[in-house]
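Asks: Given next are the chains, with one letter for each unit.
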Amino acid sequence: MILDIVSAALLLAGASQCLLGALGLVRLPSVLSRMQAATKPQTLGLFLILAGAALRVPLESAVTLLLVAVFQVITAPVIAQLVGRSAYNGGSVQPRLLVVDELAPRMPSEGPERPPG
Amino acid sequence: MNRALSVAWLAFVWVLLWGSFTLLTVVGGVLVGYVVTAVWRPGEMQGRLPVRPLALLRLVGFLARDIVVSSAAVSWQTLRFGPRTRGAVLELPLLSSSDRVVAIVAGAYSLSPGTLVLQIDLRESRWYIYVVGPRDPADVETARRAALGVQRRVLAAFGTPEEHRTARELEAR
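Protein chains in written order, with the numbering used here: chain A, 6 to 122; chain B, 0 to 172.
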C-alpha cells in the first residue's frame with residue numbers, strides 16, 4: 006500500500022517533469038535554451054519514472070532500469086555538446102537573447118553569422 | 000590492469016542488459032568484454048588520477064541535488080519568461096590539464112540543467128559554457144560563480160592539490 010503510494014508519487018512527479026520539459030520545448034526561444042528543457046528536466050523526469058517503476062517490478066528488471074539511467078547520464082552530455090556546438094557555429098544562437106557572449110570575440114573566423122539589425 | 004577494469008565494466012553492463020545474474024550471462028559478459036577490448040583498444044591513460052572518496056561522495060550528492068534544483072529553475076524560466084528567456088555564454092578558466100578531469104567537468108556541466116559546454120579550448124585553457132536564465136550582469140556573475148563551484152567540486156575529488164587551491168581562490172574572488 007505504502008509502496009504503491011510512493012511509486013505513484015514518483016511516477017507522477019517524473020511525468021510532470023517531462024511535461025515541463027515538453028512545455029519548455031514549445032515556449033523557450035532558442036536552440037540552446039530549448040535543449041536545456043528537452044534534455045535536463047527530462048533526465049530528472051526519467052529518473053523519477055524509473056524509480057517509480059523499479060518499485061513495482063521484480064528486482065531483476067529493476068536492475069535493468071538502472072542501466073537505462075546510467076546510459077542516460079553518460080550519453081546525454083555528449084549529445085548536448087555536439088548539438089550546442091553545431092547550433093552556435095551554424096548561427097542559430099541569436100545575440101539578442103544573450104546577456105553576454107564571451108565566446109564570440111574568440112572566434113572571428115567561424116563565429117555565428119550575425120543577422121543584420 | 001586497465002583492461003581488466005574495462006572488461007569488468009563491460010561484463011557488468013552485459014549482465015544488466017540480460018537482466019539476470021546467472022553463470023551464462025557472467026561468462027558471456029566477460030567473453031564479450033575481452034573481444035570488445037581486443038578489437039577497440041582503450042586509449043592511452045596518462046597515469047592514475049588522485050581519487051578522494053569523501054570529496055567524490057560530496058560531488059555525487061551535489062550533482063544529485065543540483066539536478067533537482069536546476070530542473071526547477073529551468074521549469075521556472077519556462078513558465079515565467081517563456082519566449083523572453085535569455086541566456087549567456089561565459090568564458091571560464093579551465094584548471095586541469097588531465098583529459099579525464101576535463102571530461103568529468105564537462106559531463107557535470109552538461110548534466111546539470113541550465114548549463115551546456117559549447118567549446119573547450121585546451122590550448123588557452125578556457126571553457127565556454129552556455130547558461131540559460133541570466134537577465135542582467137549580476138545574474139551572469141552568479142552563474143559564473145556557480146559554474147566555478149562545479150569545477151571546484153570535481154577538482155576536489157579528482158584534481159591535484161594545486162588545481163583545487165586555484166579553483167578555491169578563483170571562486171572566492
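FYI, nobody ran anything at the bench for these hints, they're computed from the structure. Worth double-checking, as some hints may not be accurate.
[Claimed, not checked] Some, not all, of what chain A presents toward chain B, calculated at C-beta under 10 Å:
{"hint": "1", "residue": "Asp9"}
{"hint": "2", "residue": "Ser12"}
{"hint": "3", "residue": "Gly95"}
[Unchecked claim] To be clear about the criterion: a stretch of chain A counts as covered by chain B if any three or more of its residues have a C-beta under 8 Å from a C-beta of chain B, and this derived list gives those stretches:
{"hint": "4", "stretch": "24-35"}
{"hint": "5", "stretch": "53-60"}
{"hint": "6", "stretch": "63-71"}
{"hint": "7", "stretch": "86-94"}
Treat the numbers as computed from the prediction; the structure is a model and nothing was measured. All C-beta atoms in this analysis are idealised placements derived from N, C-alpha and C, irrespective of residue type, glycine included.
Asks: Taking the hints in turn, state whether each one holds.
Replies: Hint check:
| no. | hint | in the structure |
| --- | --- | --- |
| 1 | Asp9 | violated, 23 Å |
| 2 | Ser12 | violated, 19 Å |
| 3 | Gly95 | violated, 12 Å |
| 4 | 24-35 | holds (count 7) |
| 5 | 53-60 | violated (count 0) |
| 6 | 63-71 | holds (count 5) |
| 7 | 86-94 | holds (count 4) |
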